[in-house]
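Numbering (our numbering) for the sequence shown: 1 to 395.
A few of these clues could be false.
Below 30 Å or equal to it, Euclidean Cα-Cα: the simulated DSBU-like pairs (lysine-lysine) are [stated by the list, open to error]: (1) 298 <-> 359; (2) 226 <-> 158; (3) 112 <-> 183; (4) 263 <-> 240; (5) 176 <-> 394; (6) 394 <-> 376; (7) 60 <-> 84; (8) 23 <-> 373; (9) 298 <-> 176; (10) 53 <-> 308.
Hints were generated in silico from the structure; no laboratory data involved.
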Amino acid sequence: MKIIIHDLAAHPFIFQLSTELAKRGHIVFHLISTFFDSPNKSNLTCDNGDNLKLIQISIKNEYSKTNFIKRRKADIEYGEEIAKKISEIKPDIFINTISQLDSTKHILKRCKRENIKYISWVQDIYSLAIKSILIKKIPLIGYFIFRYYELLERNILKSSDSVIVISDCFKQLLIKWGINYKKIHLIPNWANNELIKKKSKTNEWSTKNGLDDKFVFLYAGTLGYKHNPLLLCELALFLKDYNEIRIVVISNGQGADILRKTKIEIKLENLILFDYQPMNQLSYVLSSADVLISILEKDAGIYSVPSKILSYLCVGRPLLLSVPLENQASKIVNENNMGIVVDPFDTNRFLSSALELYKNSALREVFSENAQKYSKTEFDIIKKADLFEEIINKV
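Start from the sequences and build out the full structure, keeping to the hints where you can.
Written out as structure tokens, the structure is:
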């Protein structure tokens, strides 16, 4: 079967799925963007001969994460470029990791025109993200923009031949939206534990950066609208008298710029900032941590599941999360005893939990063992590909 899998941000676990499906004899075209700021692209390589092709889609418009008008123009152009590629490839099935609705509208329209089966793989509820951002900034106009995108998102999902969701709360929302429950399939996300592996804390990356003999709290990933970067500054300020502790942040963009400015303003010598690191270094980077951190604003709620948390689990380190308690990631960590989860509004508990993890090595060891166990049992690509193949064959 000829399949296109589209993933704008080039997540390693999605490319792992494409690779596995290609091994099984499917002809897979894996589409990613050239413009989205991601450290993952350099590590995506095709080694399945003619069965797997990696295609990067370019646009002329500026892709802005902060300017809504520019972002919308870029998303529309991106969708049009993918639509052209669909007509060129003529796949049997198009699997879309749906997020950018202005792009998706053009992709779905082309699939329907060409009689191509369309599967929505829902990683986020995009209209709710718009609601949480725009209604704060421009209340009245923001509400009408949200309603437009909510209707568009519902119609896209209703028009899909099949819908894959990553948590049960997504499924329940879609059923409320009137999506036929028979075409909704639950497949939780995973991380590529063939690519991200546990290493010694003393490794080439930690030694090179002077972190091998430090106690490291590490955050790696996006710092966007759903994140409060200043929480990491508060952590650094809270722990500044502990000479052996470092707060390490690996990120790019607006949130990282805020951290750089604040670090200078209040002289946070224990806050160490890096740009995104090469994907082939990720195992060493994450393994340099004693505790791995993830943060998510309360407004993000239950419908945003940080993929970085799943990557963290592969290296078997304890987690410290400032994430809504109802979020799927929070539930996974709590239910499997892999770290401490704190409500985003409770800054004091976040800080005291960090100190507790620093002082309690036995607790860290328990969390580490459970994280390693979870990644080994839940991130089996063979089982995941079986589930996708079952959906593909029935659609």
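Hint check:
1. For the suggested pair residue 298 and residue 359, the alpha carbons sit about 28 Å apart, so the restraint of at most 30 Å is met.
2. For the hint pairing residue 226 with residue 158, the CA-to-CA distance comes to about 27 Å; that is within 30 Å, so the pair holds.
3. Distance restraint check for residue 112 and residue 183: the Cα-Cα separation of roughly 17 Å lies within the 30 Å cut-off, and the hinted pair is therefore satisfied.
4. Proposed proximity of residue 263 and residue 240 is supported: the alpha carbons are some 12 Å apart, at most 30 Å.
5. Distance restraint check for residue 176 and residue 394: the Cα-Cα separation of roughly 24 Å lies within the 30 Å cut-off, and the hinted pair is therefore satisfied.
6. At roughly 29 Å between alpha-carbon atoms, residue 394 and residue 376 fall within 30 Å of each other, so this suggested pair holds.
7. A threshold of 30 Å between alpha carbons decides the hint, and for residue 60 with residue 84 the separation of about 15 Å falls inside it, so the pair holds.
8. Taking the CA atoms of residue 23 and residue 373, the gap is about 27 Å. The hint holds against a cut of 30 Å.
9. Distance restraint check for residue 298 and residue 176: the Cα-Cα separation of roughly 22 Å lies within the 30 Å cut-off, and the hinted pair is therefore satisfied.
10. In summary, the hint linking residue 53 to residue 308 is supported, as the alpha carbons are separated by about 26 Å, within the 30 Å threshold.
When each numbered hint is compared with the structure, no violation occurs for any of them.
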